[in-house]
Amino acid sequence: MVKIKNTKILINGKKRLSGHVRIAGAKNAALPELAAIILSNGEFHFRDVPEVEDIRVMFQALKNLGAEGEFHSNTVKITLPEIKSPVVPKEIVETSRASILILGPLLARNGYAKVSKPGGCAIGERKINFHIQGLQKMGAEIHEDDQHIIATAHKPLHAIDYTFPNKTVTGTENLLMAAVLTEGTTILRNCALEPEVGDLIQLLLSMGADIKGKDTDTITITGKTSLNGTVHRVIPDRIEMGTYVIAGCFQDNEIVVENAVPEYVHSLLKILEEIGVYVETGKDTIKLKTNGVFKPIDVETSPYPGFPTDLQAQLTTLLTQADGISRIKENIFNNRFQHTHELNTMGANIEVEGDISIIKGKTPLIGKTIRGTDLRASAALVLGGLIAEGQTIMENAYQLFRGYENMPRKLVQLGADVKQIEE
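Once you know that position 414 of the sequence shown is 442 in the working numbering, the rest is easy, because the numbers rise by one and skip nothing.
Check each hint, because a few of them may be wrong.
[Said to hold, decoys possible] Computed list of lysine-lysine pairs in DSSO-like fashion (alpha-carbon distance at most 30 Å, straight line):
hint, residue 1, residue 2
1, K112, K183
2, K145, K183
3, K357, K388
4, K42, K252
5, K438, K390
6, K105, K298
7, K36, K165
8, K43, K438
9, K43, K91
10, K323, K357
11, K42, K390
12, K317, K390
13, K396, K36
14, K311, K396
15, K105, K145
16, K195, K317
17, K357, K390
18, K311, K438
19, K298, K252
20, K195, K142
21, K447, K42
22, K165, K105
23, K145, K91
24, K105, K118
25, K323, K118
26, K311, K298
27, K36, K390
28, K252, K43
29, K105, K43
30, K396, K323
The hints are simulated quantities; they were obtained by calculation from the structure and are not laboratory data.
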């Protein structure tokens with residue numbers, strides 16, 4: 029395991045990147061899918077599981093519950109014959125939001141769950157009130173202490189007809205997992221449409237669940253008394269995909285992104301074509317060509333299939349190289365512009381007004397010592413370091429390893445000068 033807390037990344041910029049990069053399995057699909065093993069005492073075999081810190085945290089949390097298994101070479105073999113402890117302590121999950129995804133399935137199987145409040149990215153208020161509200165409507169009694177969310181079902185959970193007030197990916201996943209073992213028919217409305225939700229449903233179906241409405245915003249679940257183990261391959265990570273696609277846009281780079289699903293990043297590819305990038309897509313590849321001249325653009329984040337908030341920071345780095353003023357409106361999270369301060373340290377000219385960042389290009393970037401503030405901001409700063417003159421040192425690099433598998437090594441294979449320093 030990487031000693032993530034004490035890791036820095038050193039980047040000597042201005043190197044041309046070329047070659048092929050394979051996208052790992054989706055972290056945000058694998059996390060709820062691993063949590064779903066709680067719903068069964070069967071054996072599970074997952075393939076294409078990304079070797080990132082958030083997944084290791086989830087794996088350890090499941091072992092703390094009583095799971096038995098192994099995780100290596102992008103494969104997880106795991107089973108949870110019985111719940112030995114219904115508690116997910118802070119010391120295991122303090123660097124990740126994985127804990128909240130355990131709440132629904134653990135409550136459904138065990139009738140009691142005590143999970144640490146989510147850690148992970150410091151990007152403003154990532155509320156879990158819809159998770160709580162939905163579980164309460166199903167009959168759970170929920171309260172909090174300083175560090176934990178404690179859920180109790182004194183009677184078996186019951187089916188509900190529930191409309192999410194706003195789109196929520198993890199909220200959809202949590203109630204979906206709770207409902208598959210709940211007697212009766214549950215209807216969830218205004219559900220998230222992200223591919224990761226669809227992949228979780230695919231897993232649950234292969235476990236024997238009765239679910240209708242996959243890839244729609246209304247999901248109907250008829251509860252079963254038990255579910256079985258299964259074999260499942262995790263879908264490719266669309267955010268890693270988009271990050272390398274953006275990397276392929278800089279300074280005559282020529283990158284072919286493999287194990288890609290172009291449909292997953294359609295909103296990004298459309299933006300890139302509008303600013304002047306030539307995009308060529310195959311069945312499972314994305315190839316980019318550019319002369320390094322970019323038009324400015326106005327963009328806003330929105331739930332899938334819109335432009336994802338998780339690519340907002342990386343696109344910001346690219347737009348510092350556009351000829352003119354670009355604007356990005358962040359509609360999903362507040363306080364998600366922390367990367368702009370670090371990019372400005374490197375020479376960018378970005379102003380933040382409320383939920384809008386104003387990016388004034390074109391500005392050359394210069395290598396500096398900067399700090400990764402959250403997972404996606406860290407990726408944006410790595411991109412900045414790749415195009416900067418001189419050496420960039422990114423501190424607090426553990427954030428990057430929470431969600432990107434072997435990013436320094438993948439970049440080196442493409443021709444970058446990147447070193448990972450552990451202290």
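* To do: Starting from the hint list further up, note which numbers the structure goes against and sort them upward.
  => Going through the list in order, the structure violates hints 4, 6, 7, 9, 14, 16, 19, 22, 25, 28, 29 and respects the others.
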